[in-house]
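Visitor: Spelled out, the chains give:
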Amino acid sequence: MNLNREIDNFLDIFTEAWSAMDFDTFDNTISWAAYDPLIANTWTKRILQMIDDCQKAGLQSQEIAKLFPTASQLRGMKGFDLWLAGYANVSRREKEKIFAFYFSLLRNYCLEDLYCKSKNIIHTPEETDNITTKLKLATPTIARTLGRTTNACYHLGHAMYSDMHPSIVYDNYGPYRADEKHGEDHILVIKEFNNIKCPELWSETTELSCDSIRIFYIYKDIKMTVDSASHAVYIGDLINNLQYYGLEIDGLKSAPHKLIPIVKELEEIAVAMFQKFQALNFEERKEKYFHMKAYAYRDLHKKLNQDWRPAAEILQEARGKKLYTFDWPPDIDEQRKLIRNTMDPRTDFKI
Amino acid sequence: MTRITDPTMVAMIARAGAIVCDIGGIVSHPSIVSRELGIPCVVNTKEATKKLKDGMMVKVDGDKGEIYCVN
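Protein chains in written order, with this note's numbering: chain Y, 291 to 641; chain S, 379 to 449.
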């Protein structure tokens, strides 16, 4: 690996995606830039320890990568952990170690476009061929039902794991080529929703009727891009241009009418959990957010026989501290420079 | 019409004919959820919540990013 070249490639792509966000939209929810620096030292120490523990346990990169909820969450944690390391008292060598760890996971997990400059590809051509043969004819009504389901799951991800880590629930994979089976200008998109039940963080999710939903879409004349911050952007009419679809609930084939009660249930619980989170006092809110963040590593810590929850010293580091105040420069080039410098493992940038 | 959408609006959004927000961008929450439902959305208007009032009839052109009062 040419480390400098890889770091520059990562920074180019992440800076572009992160600077495309409107940071004012985080005012009423959670912003990583305000919360994450509060635990910079203890969190970074934990990540470095986790990397050592993976090595000691002999875990391979692909195996580790698959223990993260989604490819987008894995990319997200790379960005967040490097951002945090920018505030921590750690050496350049240690920050580069974090960079290299995530690089290795992504390289062994993603089949192309590692940092999601424009697409999110983890399924092999054999897997996508297998999917495209099992799909059913779509209608605009079905497209709307699937759209409402997707939104219910997006909102649920936001409510359960904050607007910083909704990819613990969802990911958008694609665009995959579907022209061989379906003709020119057809693409396959796969939407996955996992970790819908999370009793460790929200006891009210224990009785929900499902834990995962997968939806497969064949679109005609739709341009899809996915960025490194997990956002899918489509150009075209997603309702009328949906040609075929497939649906799985908890791994079993299902039908759109079965989604109707599930969607209602997910919408209601998303509202209840978001309101519950907003009603927490400041100290409780910080603790809850750090638990949400730590949840992304739950399966990896389980594999290592470790507690996934943030250690007492992490919570202690944040306790009593005000949020990190962060005035984003109004100039977009200055914003990009700031994002790039903070995430760059080669710099000792401090604000 | 709101400053920005949030998860408490999930059922409301499912019934909405369009979404208009004061802030946000192409990858913000309202933009993402409106695309899924095939409804128009205009974000980053800065002042929609000040200029538009409850009961007003409006036409929203998501492609052009324009909102027209029709009554």
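Because the hints were derived from the structure by calculation, they are not lab data. All of these numbers come straight from a predicted model, not from anything done at the bench. Do not rely on the hints blindly, as some may be mistaken.
[Claimed, not checked] A few chain Y residues facing chain S, derived, Cβ under 10 Å:
#1 Ala-307
#2 Met-311
#3 Ser-321
#4 Gln-345
#5 Gly-348
#6 Glu-386
#7 Gly-437
#8 Thr-439
#9 Ala-449
#10 Ala-519
#11 Leu-528
#12 Ile-552
#13 Val-553
#14 Lys-554
#15 Glu-603
[Stated by the list, open to error] Calculated pairs, DSS-like style, for lysine-lysine (alpha carbon to alpha carbon, straight line, at most 30 Å):
#16 Y/Lys-513 <-> Y/Lys-356
#17 S/Lys-437 <-> Y/Lys-627
#18 Y/Lys-510 <-> Y/Lys-487
#19 Y/Lys-510 <-> S/Lys-437
#20 Y/Lys-612 <-> S/Lys-424
#21 Y/Lys-510 <-> S/Lys-442
#22 Y/Lys-356 <-> Y/Lys-487
#23 S/Lys-437 <-> Y/Lys-513
#24 S/Lys-442 <-> Y/Lys-513
#25 S/Lys-437 <-> Y/Lys-554
#26 Y/Lys-487 <-> Y/Lys-592
#27 Y/Lys-471 <-> Y/Lys-548
#28 Y/Lys-513 <-> Y/Lys-471
#29 S/Lys-442 <-> S/Lys-429
#30 S/Lys-437 <-> Y/Lys-566
#31 Y/Lys-407 <-> S/Lys-442
#32 Y/Lys-611 <-> Y/Lys-387
#33 Y/Lys-387 <-> Y/Lys-356
#34 Y/Lys-611 <-> Y/Lys-578
#35 Y/Lys-513 <-> S/Lys-429
#36 Y/Lys-612 <-> Y/Lys-409
#37 Y/Lys-612 <-> Y/Lys-566
#38 S/Lys-428 <-> Y/Lys-409
#39 Y/Lys-566 <-> Y/Lys-554
#40 Y/Lys-513 <-> Y/Lys-426
All C-beta atoms, glycine included, are put in the ideal place defined by N, C-alpha and C.
Visitor: So which of those numbered hints doesn't the model satisfy?
Guide: Those not satisfied are hints 3, 4, 5, 6, 12, 15, 17, 18, 30, 35, 36 and 38.
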